[in-house]
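Chain by chain, the residues run as shown.
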Amino acid sequence: AQKITQTQPGMFVQEKEAVTLDCTYDTSDPSYGLFWYKQPSSGEMIFLIYQGSYDQQNATEGRYSLNFQKARKSANLVISASQLGDSAMYFCAMRVSGNTPLVFGKGTRLSVIA
Amino acid sequence: DVKVTQSSRYLVKRTGEKVFLECVQDMDHENMFWYRQDPGLGLRLIYFSYDVKMKEKGDIPEGYSVSREKKERFSLILESASTNQTSMYLCASSLPSGFAGNTIYFGEGSWLTVV
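Going down the list, the sequences are from chains V and B.
Sequential numbering from -8 applies to the first sequence in the working numbering.
Sequential numbering from 18 applies to the second sequence in the working numbering.
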């Protein structure tokens, strides 16, 4: 069975600073994908970034980067130059094959302060 | 663009009512999912379907059933709604593949209150 752990229920960051949201995972499957989603108060799930287990380089998408440390089973999300619009819930998730569902962590609520 | 549409954004139902939450996707995806989201608990899988008429229980199937008669539509059914089913429900869909990398697409969510 797969498990995702997000240990930070809430985080605060000053506008324009960088912030790291922690995520650790557990699976015995060698092939898996790791995802991060943003959920604003409206409720929609916005896909941010993806990292495959065999990817050699850390994924980056604009201000988002994923710090993938396979040996430690961690997949932390780094947001650079935080903006007020980044205030939201952030979920880390994993999937082990195309016909299985995403397994989610409990989420981290990020608040960006002006 | 992939579109996943949940028929009702906000619902208020009475205890004991039968409730249908409908989800339709327009991208011919084989996989469809229903999640429930509660504060502090994240998203928990209720049911998923990887083909028409196929369904698999997720982590919290009790009190729910599903129907997938057509590929594009996946319905979540609360046979007899209870107050502990007050929650936000998210539908999602994706293509199957041999890789884990294909993105899962979500609907906007249905906020259900059972009184």
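For the record, the hints were derived by calculation from the structure and aren't laboratory data.
Treat each hint with caution, since some may be false.
[Said to hold, decoys possible] So the derived list for chain V, only partly shown, Cβ under 7 Å to chain B, looks like this:
| id | residue |
| --- | --- |
| 1 | Ala9 |
| 2 | Leu75 |
| 3 | Asn90 |
| 4 | Phe95 |
| 5 | Arg100 |
[Stated by the list, open to error] Computed far set for chain V versus chain B, every beta-carbon distance over 10 Å:
| id | residue |
| --- | --- |
| 6 | Gln(-3) |
| 7 | Gln(-1) |
| 8 | Phe3 |
| 9 | Gln5 |
| 10 | Lys7 |
| 11 | Val10 |
| 12 | Asp13 |
| 13 | Thr15 |
| 14 | Ser33 |
| 15 | Gly34 |
| 16 | Met36 |
| 17 | Ser71 |
| 18 | Gly76 |
| 19 | Ala79 |
| 20 | Lys97 |
| 21 | Ile104 |
Glycine included, each C-beta is placed from N, C-alpha and C at the ideal position.
Status of the hints after comparison with the structure:
no., hint, verdict
1, Ala9, "24 Å, violated"
2, Leu75, "22 Å, violated"
3, Asn90, "5 Å, holds"
4, Phe95, "4 Å, holds"
5, Arg100, "10 Å, violated"
6, Gln(-3), "8 Å, violated"
7, Gln(-1), "13 Å, holds"
8, Phe3, "18 Å, holds"
9, Gln5, "25 Å, holds"
10, Lys7, "29 Å, holds"
11, Val10, "20 Å, holds"
12, Asp13, "14 Å, holds"
13, Thr15, "14 Å, holds"
14, Ser33, "8 Å, violated"
15, Gly34, "4 Å, violated"
16, Met36, "4 Å, violated"
17, Ser71, "22 Å, holds"
18, Gly76, "18 Å, holds"
19, Ala79, "14 Å, holds"
20, Lys97, "4 Å, violated"
21, Ile104, "22 Å, holds"
Hint compliance for this structure: hints 1, 2, 5, 6, 14, 15, 16 and 20 are not met, and every other hint is.
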